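*Asks:* The opening position of the sequence shown corresponds to residue 127 in this note's numbering, with each subsequent residue numbered one higher.
Some hints could be false.
[Unchecked claim] Okay, derived cross-link-like pairs now, PhoX-like style, lysine-lysine, Cα gap no bigger than 20 Å in a straight line:
(1) K162 to K176
(2) K334 to K323
(3) K233 to K176
[Said to hold, decoys possible] Listed next, with one range per pair, are the computed distances between beta-carbon atoms:
(4) T229 to Q336: 15 to 25 Å
(5) D343 to G266: 41 to 51 Å
(6) L190 to D343: 26 to 36 Å
(7) L324 to R209: 12 to 22 Å
(8) T130 to F319: 14 to 24 Å
(9) L324 to R200: 31 to 41 Å
Bear in mind the hints are in silico, worked out from the structure with no lab data behind them. Note that this is a predicted model, so its numbers are computed, not measured. Where a beta carbon is used, it is the ideal one built from N, C-alpha and C, also for glycine.
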Amino acid sequence: MYLTNLSLTNFRNYVRLELDFPGRLTLVQGANAQGKTSLLEAIYYLATSKSPHADADRELVNFLAREDNTRFVRIQGRVQHGRPGDSTEQLEVLLAPTNGDTTSYSKRVRVNGVVRRVLELIGRLRVVLFLPEDIELVTGPPSVRRRYLDIALCQIDPVYLRTLSTWNQVLAQRNALLRRLREQGGSPQQLEFWDEKLITLGSYLVTKRQWFITALDAAAGPR
127 MYLTNLSLTN FRNYVRLELD FPGRLTLVQG ANAQGKTSLL EAIYYLATSK SPHADADREL
187 VNFLAREDNT RFVRIQGRVQ HGRPGDSTEQ LEVLLAPTNG DTTSYSKRVR VNGVVRRVLE
247 LIGRLRVVLF LPEDIELVTG PPSVRRRYLD IALCQIDPVY LRTLSTWNQV LAQRNALLRR
307 LREQGGSPQQ LEFWDEKLIT LGSYLVTKRQ WFITALDAAA GPR
């Protein structure tokens with residue numbers, strides 16, 4: 127698969143951008159602060175629904191757009207599956223102020239014009255991003271490496287994506303129960319249900335991570 131077209135509205139320093147990509151290697155060059163990084167960030171966001179640089183979606187909104195009534199961000203892209211002539215998909219992510227509050231933005235995803243859940247966007251455009259700070263994959267804490275594995279596996283394995291999402295929800299429920307037990311008391315046996323869920327879901331995640339690491343080792347090893 128590859129991206130054949132990208133359309134941006136009010137994203138970072140782009141008020142409007144329409145860009146077609148040829149079906150071959152594309153090299154982006156330009157002076158500082160011209161939008162090279164923002165262009166790559168938009169593609170990554172379209173593929174993963176997350177930004178590698180912004181902590182909050184409101185940071186992605188163009189400064190000029192914040193001053194008028196068009197305070198929204200739209201990222202659209204057409205993805206070619208296989209060779210030219212094969213099926214294509216139109217992906218879109220729209221960020222709009224929540225109830226007119228520009229400090230909080232809601233996210234809406236469309237695939238071929240049909241509203242989808244955010245999770246249903248992942249994997250339709252697969253990307254790999256390497257940044258200078260990714261040296262932390264070697265020098266940083268284990269959480270950095272787990273995040274890298276999660277991002278890669280979620281794009282290639284829909285079951286892993288759903289399992290990870292459920293695991294995060296279960297973990298949040300278990301943590302809320304721990305806080306309630308600490309503050310209000312109660313039987314610790316209430317944790318058993320959530321512990322079993324975490325073990326079952328976590329076993330799948332760990333197994334797939336191990337599989338992925340083994341595959342990476344085989345690809346990067348001597349030939």
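*Asks:* Broken hints, numbered, in rising order?
*Replies:* The structure conflicts with hints 4, 5, 6, 7, 8, although it agrees with all the remaining ones.
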